[in-house]
Structure formats: structure tokens, C-alpha cells
Amino acid sequence: MGQGNGISRDRAGGNIIGRYIYKVPEGKLIKVWVEVLRESEMSDRLDMSGITGASGHTLVDIRLTGDFFIHPEEWIADLEDELRGAALDVVPDIIRRKVEEDNVLLVGINQDDIIHAIEQAMTK
Amino acid sequence: MTETWRLLRTGSMDAASNMALDEAVLRLNKGKKEGTVRFYSWEPKAISIGYFQGINEEVDVEKCEELGVDVVRRITGGGAVYHDDELTYSVIVDENHPSISRNILESYDHLCSGIVKGLERLGIDSEFKPINDIITSGKKISGNAQTRRMGSVLQHGTILRSVDVRTMFDLLLVPDEKIRDKMITAVEERVTSISNILGGSQPDDRVTEAMVAGFSEGLGVELEPGEPTSEELELMEKIRREKYGTREWNFKR
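These protein sequence lines map, in sequence, to chains A and B.
This note's numbering puts the first residue of the first sequence at 1, with every later residue one more than the last.
This note's numbering puts the first residue of the second sequence at 125, with every later residue one more than the last.
Simulated from the structure, these hints should not be mistaken for laboratory data.
Any given hint could be a false lead.
Unchecked claim - For the chain A half of the interface with chain B, some residues (derived, Cβ under 10 angstroms), not all of them: (1) 14; (2) 26; (3) 28; (4) 60; (5) 64; (6) 65; (7) 68; (8) 69; (9) 70; (10) 76; (11) 77; (12) 105; (13) 108.
C-beta atoms are modelled at their ideal positions from N, C-alpha and C, and glycine is treated no differently.
Full structure from sequences and hints, please.
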């Protein structure tokens, strides 16, 4: 794995805001911004296990930016839409399935780089 | 028999118009056997950001406004570029043209060969460096970006005549102000220009003529001077007004 840095944390309405910047070795930069619902933060008020999955983390919102290339470009917005509301456990499956089903071409990054960057932003 | 492609030299335009004309030619290219090679520059100076970049992560928008520097989001991926003393080109060609590989990196290499040949005519040895750069003596002299839409390929990029890294860093955001000077030095060590290599500025025409001949040789086509069609110009104006000239597009990420 390449260099990762730029992790930071804030809170928004009880949710956690995560950021992660990942320089892909010999590739491009991925910047991830996530808003995460953590079961541990909410468990005293609600039973969230059905939403957050085994990891206890649900992606409320996400934005992926950077200097990479994806063909077709509009795919990134579709991916972000599909990831909103997903538990961390299923993020890798969603990304791998969408890359394959949509026959999308990634240049300067690959699907594992996106997964790594999102996982780091959500959990670190 | 050698194919004849259209050569457009559209001079300087604002950022939104430049991006709109590239897209208009791309959108109207469907079904055309011959491609288009266009050379242009930017007035006022501009920052273009890649399709996927966050404008507020990359650009000091207020500073750009203050200095009268345009900011525009490209239709292509890649990084932020400060368009100052450079020649910009675009190539638009049918995706199924025999010279265009389905492999993106191979097609970058092929289309960038025009720049490599053009630089050679100026006495500069250079080579394509994946993913999307051209380097000379280990330093970047040209950056390029490609998209494929509506059955056609658009590749555009810059050929640096000179480089002003300090001004560029005044307009781009850096992750940490404390390392701004270090980043400037690092970029100055990694980026070069035609002026740097040849030891002085070159007449605009000399650079453009070298690139016209270089693209002709690299792509193996004749380039015949032409003009944008009235249909292309009408579409350019519409795209400029409805897309590249709007906050909705430029601030979408």
C-alpha cells in the first residue's frame, strides 16, 4: 500500500466526519470525505445493529475526489449514490460489483485503492 | 493514402469558451472519419481542475477572482493545471479509428507522440511517461488528459513554454501552509519548460508550427487548416452558457 495521510475527525449532528488522502503507489491521489454513523455512538439510544452491520459503521454520506481517471466519468456519482446508507462490511462488495457490472475503466487507481481509502476514512 | 485531418488554431479565449469548444467538437464528431487537432491558449489566465477534483480542496477561488484568473472544471480527469505561458492542444477523433487503441495508456502514448515529435523539432528530446505525462531529462514538460464519450476520444493537454510555479502555488491550495515553500521547490525540481531547456523564450509561432508538424508526423496524417463550423460555434456557445460558465458545473464537487 502507498502513503496515506490527512486523516482528520469532526462531528456533524452526532455522526463522525472522516477524511483520508491516499496516494496510490505509481498512481494518482484519492481524497475521501465520509460522514459515518457509528453504532457505539448511538447504542444507548437505539438498536442500530440492523443498519450498521457487523462493523457497526454505516456510511451516511461520501465524496470521492482526486486527480485520477474513470471512464465513464459520471460513474463516480452513481457509486457515491449506491454507497450512501451502506454498512462498512458491504462497501468492498458494492464497489467490486459495480466496477464489474458497469464495465468501468479506472486509470491511475484500482478498485482496491478506493476500498482501502474509504475503509481508512471510515474507521481510523 | 495519408488521411487529412482538420487543424484548428483558435488563439486565446476564456476558460469556459475553451472547454466548451473542445466539447462541442467532441459532441459533433460522431460519424466523422477524420479527426481534428486544435491549438489554443487562455486569456485571461486560468486554472482548470480535473473532472473528479473538489474545487474548494484544490483552488484558492477568492484569490483567483481577485487576480482575474478564470477557474473551470474540465470534462476530463487528472489534476489542476495553471494555464499561463503554454500552448494547449486537443485531439478529437472517432473512438473506432484504426489508430486509436482501446487500451487507454496505449492511446495516450500514440496521441502524445505528436508532442514528442514537436518538441524534437525544437531540439528537445522527450518521451511519454505513463500515465499521462511527457518528460524531458526526467522533468515533466507536458500533462495530458483523455475522455471517451459519444463514440469519440477527446485528449487535451498542455505544452509548457515557461513555468511560474510560485504564482501557480498562490492560486492552488496546499495541504499545509508550513510546507508551501518546500512544495514549490519540489515542483520546480520536477517540472520544466521549453524556455528553461532552450535558455530563453521562443516565439509563439515557432512553437506552434513545430507542434503542427509534430502532430502531423506523430499521428501520420496531413493537417489542413480549417475553422470551427457554425454548428460547432453555436453548440460551443450553448455549452459555455449552460455548463462551463456556471457555478453548478464548476463547483459540482
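Hint by hint, here is what the structure shows:
no.: 1; hint: 14; verdict: 25 angstroms, violated
no.: 2; hint: 26; verdict: 9 angstroms, holds
no.: 3; hint: 28; verdict: 7 angstroms, holds
no.: 4; hint: 60; verdict: 18 angstroms, violated
no.: 5; hint: 64; verdict: 7 angstroms, holds
no.: 6; hint: 65; verdict: 4 angstroms, holds
no.: 7; hint: 68; verdict: 6 angstroms, holds
no.: 8; hint: 69; verdict: 4 angstroms, holds
no.: 9; hint: 70; verdict: 7 angstroms, holds
no.: 10; hint: 76; verdict: 6 angstroms, holds
no.: 11; hint: 77; verdict: 9 angstroms, holds
no.: 12; hint: 105; verdict: 7 angstroms, holds
no.: 13; hint: 108; verdict: 5 angstroms, holds
Violated hints, in rising order: 1, 4; the structure is consistent with all others.
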